[in-house]
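Asker: Plus 98 on top of the position in the first sequence (first one is 1) and you've got the working numbering.
The set of hints was computed from the structure by calculation and includes no laboratory data.
Be careful, since some hints might not be right.
What the hints assert, rightly or not - Cut-off 25 Å, straight-line C-alpha distance, at most; resulting in silico cross-link-like pairs (DSS-like, lysine-lysine): (1) K275 x K408; (2) K358 x K347; (3) K501 x K358; (4) K372 x K214; (5) K136 x K418; (6) K214 x K501; (7) K481 x K408; (8) K214 x K418; (9) K275 x K501; (10) K372 x K418; (11) K408 x K479; (12) K274 x K358; (13) K274 x K214; (14) K501 x K136; (15) K129 x K347; (16) K507 x K479; (17) K501 x K418; (18) K372 x K256; (19) K408 x K418; (20) K214 x K479; (21) K136 x K358; (22) K275 x K214; (23) K372 x K501; (24) K256 x K274; (25) K256 x K167; (26) K372 x K408; (27) K136 x K167; (28) K275 x K167; (29) K136 x K347; (30) K501 x K408; (31) K501 x K485; (32) K418 x K347; (33) K507 x K485; (34) K408 x K256; (35) K372 x K358; (36) K479 x K274; (37) K418 x K358.
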Amino acid sequence: MEGFIPLMFACVDTGMDQEELNEMFTEYADKPSVFDNKEALTTNWNPDEILHRDDQINELASILAPALKGEDPSNVFIYGSVGTGKTLIARHVTGELGSVAQNQEADLDVVYVNCKMKKVSDTEYRLLAELAREMGEEVPNTGLSTDEVYSRFFDALKGQESVVIVVLDEIDALVKKVGDDFLYNLTRINDDLDDTRVSILGISNDVSFTDYMDSRVESSLCEEEMIFPPYNALELSEILEHRTNEGLKNGILEDGVISKVSALTASEHGDARKALNLLRVAGELAERGNEQNIAADHVDRAQEEIERNKIVETIRGQPKQSRLVLYTILRMLEDDDTDQVATGEVYSRYEEICSEAGESCITQRRVSDLISELDMLGVIKAKVISKGAYGRTRQISVDHSSKIQRQLKNMVEDRFYLA
DNA sequence: AGTCCACAGGAAGGGCAGGCGA
DNA sequence: TCGCCTGCCCTTCCTGTGGACT
C-alpha cells in the first residue's frame, strides 16, 4: 500500500491516461501471485493446528472449563513477550469453549477487548463503553460520566443468566496509562451480581506488569497465572513452515529463507508475529518486483520496509508539537553531523525553529515529555545520563539506517510545514 | 562530605473541543 | 441552550537525581 500511493500520484504527474491506468491494473490482476492464501501469513489467521503450545492450551482450557457447568472460572493472567501466541491461544480456547457451550446449550458469553486500541478502549471510559457495547448496550463515545457507563455495563450483565468471560488483551498498556481502579471494580463485580458470573482473562506483554498494580487487585486478578515462553529458532522454523505451506505457492521459497527469518526473530524474543510479517512482506516485495522466488535478499529489504512503515505510521498519529520536536532532533543530527544530542540543546534549537516557522513554543517540561513519548514509541532513543557538575540530561539518538533517517526527516518536514 | 548543575519527572490543574442529556 | 462529562495538550510548581567539582 505504501508504494501504491506515490504510484497513483505519478500517474497524474506524467499524464498517464485512463487507458494506460486500466492496462496497468489489468496487468497486475493477471500477474501470477506468489501467495496461495495470504491471510495465512497474518496474525489474524486461525490455523487449524497450533504448534508448540499444547501445554498452554490444555492449562487454559482446564482453568476455563468450569464455565460449561455454570460455575465461574478463576480469573487468569497470561504473560509473555510479543508474538508468543498469547492472543492466539486465548482466542482459540475461548472460541472452542463457546462452540461447546452452544452445543450443550450452556449459558456462556465471551467478550474480547484489546485495551490498546486507540480511540476504542485506551481509557477507562472507552474500555467500559466497549464492554457494555459488546454486551448489547448502547453507549455514546463521550458525554456520560464513567460511573454511568459502568452502571450500563453492570445492567447489561444483570440481564444475563450466564458466565461471562471478559478477555482484556494488552491490559498492561491501559493500567500503565490510567491506573488499576477499573480492574479493582471489574474483579469485584461478582459481589453485586446474582445470576451472572464474570471471569477475567488478562493478557500482558509485560512480565513485570504486576508491579504497577495494587496488591488487592493483583491477588484477585491473578488467581491463575500462565507464562508463555518465547519460541526458539527451531520452533519458529516449524511454525513458518506450517504457515507457508498454506500461504505460499509451492516451490516459491528459496532455500535458507525460513531459517534466516527464524534466526532473525528468535534472537529478538522469539516473536512469531514479526516472523510472519517478515515473510509476508518479503513475498509482497518479490511479487512487486515480478520475481518468481522469495530470496534471502527479500527478507533484508522486508525488514527495512517494516521498520520504515512502523515509524511512518507512528509519526502520522503524533500531534504537531511532537513532530516539530522530532524534526528538530533529526535536523540537528544531520546539520551538526553528530550521532547524539542532549535535551537542553534540542530545546534551544527547537525555539529557533519555532520562531523561523512562526509557530508557538511549548515549555521545556512539555518537550521533555514529548521526547519520552517518542522514545517509548521507538522513534528515537533517549538515555538519561549524568554529566556530574554539568547536570543531568538525556542523550538522544536515532537508531535507524541513514536512508530511513533521511526519509523520516523529509516526511516530518513535509507534514510540519505543508500540513 | 557537601555543593552544584541541568535537567528528569510527579502532581495538580487550566483551557479547549467534542459530545451527551435534560 | 446549558451544564456536565471526558480527552487532550499544555503550564506551573515542585522535588529528586547522579556524578563532577571543591
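Asker: Checking one constraint from the list: CA of K481 to CA of K408, max 25 Å. Satisfied?
Answerer: Between K481 and K408 the Cα gap is close to 22 Å, so the pair holds against 25 Å.
Asker: Is the straight-line distance between the alpha-carbon of K418 and that of K358 25 Å or less?
Answerer: The given pair, whose Cα atoms are some 39 Å apart, is violated under the 25 Å limit.
Asker: Could you grab the alpha-carbon distance between K275 and K501 and see if it respects the 25 Å cut-off?
Answerer: violated (34 Å)
Asker: Given the hinted pair K501 and K408, is their Cα-Cα distance within 25 Å?
Answerer: The given pair, whose Cα atoms are some 15 Å apart, holds under the 25 Å limit.
Asker: So if I understand the rule, the pair passes when the alpha-carbon distance is 25 Å or less; does K358 with K347 pass?
Answerer: Holds. K358 to K347 sits at ~19 Å (cutoff 25 Å).
Asker: K418 and K347: Cα distance at most 25 Å?
Answerer: violated (45 Å)
Asker: Sort out whether K274 lies within 25 Å of K479, counting only the CA atoms.
Answerer: Holds. K479 to K274 sits at ~20 Å (cutoff 25 Å).
Asker: Between K129 and K347, is the straight-line Cα distance small enough, at 25 Å or below?
Answerer: holds (14 Å)
Asker: Has the given pair, K256 with K274, been kept, meaning a C-alpha gap of at most 25 Å?
Answerer: Given pair K256, K274 is violated - Cα atoms ~30 Å apart, limit 25 Å.
Asker: Within a Cα-Cα threshold of 25 Å, do K501 and K136 meet the stated pairing?
Answerer: Judged against 25 Å, a Cα distance of about 29 Å means the pair is violated.
Asker: Could you grab the alpha-carbon distance between K275 and K167 and see if it respects the 25 Å cut-off?
Answerer: violated (37 Å)
Asker: Would the hint linking K274 and K214 be met if the CA-CA limit is 25 Å?
Answerer: Holds - the C-alpha atoms of K214 and K274 are around 11 Å apart, at most 25 Å.
Hint compliance for this structure: hints 5, 6, 9, 10, 12, 14, 18, 24, 27, 28, 31, 32, 33, 34, 37 are not met, and every other hint is.
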